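*Asks:* The hints should help you fit chain B onto chain A, whose structure is shown.
Protein chains: 2
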Amino acid sequence: MDNNKIRIGLFGFGVVGQGIYQVIKKAPNAHAEIRRICVRDINKPRSVEIPAGLLTDNADEILHADDIDLIVEVIDNAEASYRIVSSALRRGIPVVSGNKAMIARHLPELIELQRRHDTALLYDASSCGSIPVIRNLEEYYDNDLLLEVKGILNGSSNYILSRVFDHGESYSDALAKAQALGFAESDPTFDIEGFDSLFKLVIITVHALGVYVSPDDIFTYGISSIHDSDIRYAREKRVKIKLVAQVAKVGNGCFTMFVMPEFVRSNKYIYSVDDEYNGVVVRGECYDRQFMFGKGAGSLPTASSILSDIMARRHDYRYEYKKMHYLDRPSYTTDITLRIYVRYRTTPVLDILPFSKIHEQYISDDSCYVIGDILLSELIARRPQLAANDIFIANTSTFFEHLD
Amino acid sequence: MDNNKIRIGLFGFGVVGQGIYQVIKKAPNAHAEIRRICVRDINKPRSVEIPAGLLTDNADEILHADDIDLIVEVIDNAEASYRIVSSALRRGIPVVSGNKAMIARHLPELIELQRRHDTALLYDASSCGSIPVIRNLEEYYDNDLLLEVKGILNGSSNYILSRVFDHGESYSDALAKAQALGFAESDPTFDIEGFDSLFKLVIITVHALGVYVSPDDIFTYGISSIHDSDIRYAREKRVKIKLVAQVAKVGNGCFTMFVMPEFVRSNKYIYSVDDEYNGVVVRGECYDRQFMFGKGAGSLPTASSILSDIMARRHDYRYEYKKMHYLDRPSYTTDITLRIYVRYRTTPVLDILPFSKIHEQYISDDSCYVIGDILLSELIARRPQLAANDIFIANTSTFFEHLD
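Line order of the protein sequences matches chains A and B.
Be aware that the first sequence starts at 3, since it is given in the working numbering, and climbs by one per residue.
Be aware that the second sequence starts at 3, since it is given in the working numbering, and climbs by one per residue.
Derived from the structure by calculation, the hints contain no laboratory data.
None of the values given here were measured: they were computed from a predicted structure.
It is possible that part of the hints are untrue.
If chains are identical, the list can't say which one is meant, so a pair holds when it fits in one copy or spans any two.
[Stated by the list, open to error] Mimicking DSS-like on lysine-lysine, the simulated pairs with C-alpha atoms at most 25 Å apart in a straight line are:
1. Lys251 x Lys27
2. Lys359 x Lys46
3. Lys28 x Lys7
4. Lys270 x Lys7
5. Lys324 x Lys28
Chain A extracted, bound-state conformation:
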């Protein structure tokens, strides 16, 4: 290990960027130095004091500099993030990025750019904040024995559900609090409609099973239409409603994946993952279940994860995407049956959804629900109808009963 400082060009100086600045100051053994920070507006007032001359609004002052060893990109805009990261990789500059939307959308191309330009893109911080999920999947959990990764991957929606569910707060109060605490993305639909979890799941699946599935092909349903009657129902059944992302082998060389609210019983690990925490269960054939748990949102936890990626670059670490080269990679299927709870009011849910079997049905003036078996592919085909305001869906599958 050489003790020369690693010289960083930082893109973005919001909540996470400022956290990185602080964390690097606390970690002298990281031998990291922020040389330049590129922001949209140099003159914007900032709570963290930084030396004059560090800020620039010209990306080229980092991308074309000869005194930058590593680019750290934590801006909020996926398009701009893509332009910066792909330009940097094309110039052979290694990058650490926290932008899961950008990575999930462009991962195949970003992998190819790393290969072609013999450089590295690290993004452990992009999934589950401070929990080292990606690197453990890449390095530690062997593909053949890995059966499932399932977890609560979004801190702010989990925070909101905890406040609503355990503390009786209103949904809008809880959302406002999550934003005030800096857990929620600037666009909260990202968190609460499940897209943040989806993007993380896409990235996790590449490192868990060696397969990339486009976010557009994955069923994703969020929590924004949750209603008092859903919470009441869950309480009566003594379960919690959690927004769960999962990818699981389902036999015959196939796997499936989706993001949706789930009724979680108290004997499951993720039941006790509350507030802004994330929790991930990795299930394998031999080691049974491993559970990793930690802060999934917030400035400093994310920043310390970014710092781990920065330090990994000091040792030339890069993801090898080993599992993408395996010959017997599993195939993505949506041809599996889920048992779901659908709460509705006026939308004719039974006309819309082709249940293969209905197990429970309740009708009242106020609110109705049905619990039935349906193919995941049918849910995907009916996404526009399911977006109706008076509908809320939750997974109640015993299908995965043995899996978590």
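*Replies:* Chain B only, in chain A's frame:
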């Protein structure tokens, strides 16, 4: 990655060795092949069927072979393990070992041998079975920000405590069950007197803080003298008794470490680590707490961890012991005050132990206890007296209250 098989010489074919044999068969993408297995007695009947000619009782047939890429050592005897591992490293052959006693005793020399002969020794399986603690500490948790590692590191003593504590079984019944299930080492004192946890803690500390402390210098107290009255007391206080290993920074550039039973309250992560499971809490300045949880004992979980180390060798992974090269490594201290519970009957505990303050005292015909503050160094100095059969000690420290 080349697709040639990695050719393994295996030492030991007990519970773990047979598990490795099975796990490798299940994992074709590991591209691993067991070429030879060295055992003490070739003719011993074995439950796993293996091809004729694979077994040998001559270590040199592996150590001097030219068709072996990696040695995997999972024998039960620390002395023999040391001879095999050090010979192999001297010959430049990389080794994966699960022998924590051997590693904890010889780590400084083994690190030097790796350096001198440009080879690698991996031993993630040695600490916490299937939980990837070592590699995460080495690669992910940066020294500056890491404050504490604390956990339940021994599956069989935890299994015993769970049976005794939650199921009302007798200590000896629970021990026999642990042995029958293959959780306990062949010498159970190893597990129940805390030495297994101690050895793991020594290894963890090297990778957490970059400092090696000899096992002999660390206070270690087990669970073999636990008594009904201790369990009753803990139940009354609504705590569980767990055998806990911990290393923690304590300020002024110092850290401390020890293994002892602890009264654990229900709001702590490790409270719910039951049966043969292990759980480790990593606390850092920025990421707060991370919790890793998984099976810590048993044939297949340990074997799948060994397989992870085998696969890491395919990619030439080795521990870099980065933190040992840091300039500001913390120093080990035993000059800290713990608040402990001491239950006794006839041994004059108050004469033996120089408490700086006594908080509670209870005397009866049957059983007495005292809760008081004492220096860790005083406990270490009185280890022989504390080994008396009628004494049981548990940590009740509020000292670490904020730390877990």
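*Asks:* Confirm or reject each hint.
*Replies:* Each hint, compared with the structure:
Proximity of Lys251 and Lys27 under a CA criterion of 25 Å is satisfied inter-copy only: 19 Å between copies versus 43 Å inside one chain copy. With identical chains, the CA atoms of Lys359 and Lys46 are never at most 25 Å apart, being 58 Å at best within one copy and 56 Å at best between copies. Within a single copy, Lys28 and Lys7 get their C-alpha atoms as close as 15 Å, which meets the 25 Å cut-off; across copies the closest is 44 Å, which misses it. Taking the shortest alpha-carbon separations for Lys270 and Lys7, neither the intra-copy value of 45 Å nor the inter-copy value of 39 Å comes in at or below 25 Å.
With identical chains, the CA atoms of Lys324 and Lys28 are at most 25 Å apart between copies only, with a shortest distance of 18 Å across copies and 34 Å within one.
In summary, the structure is inconsistent with hints 2 and 4 from the numbered list given earlier, while agreeing with the others.
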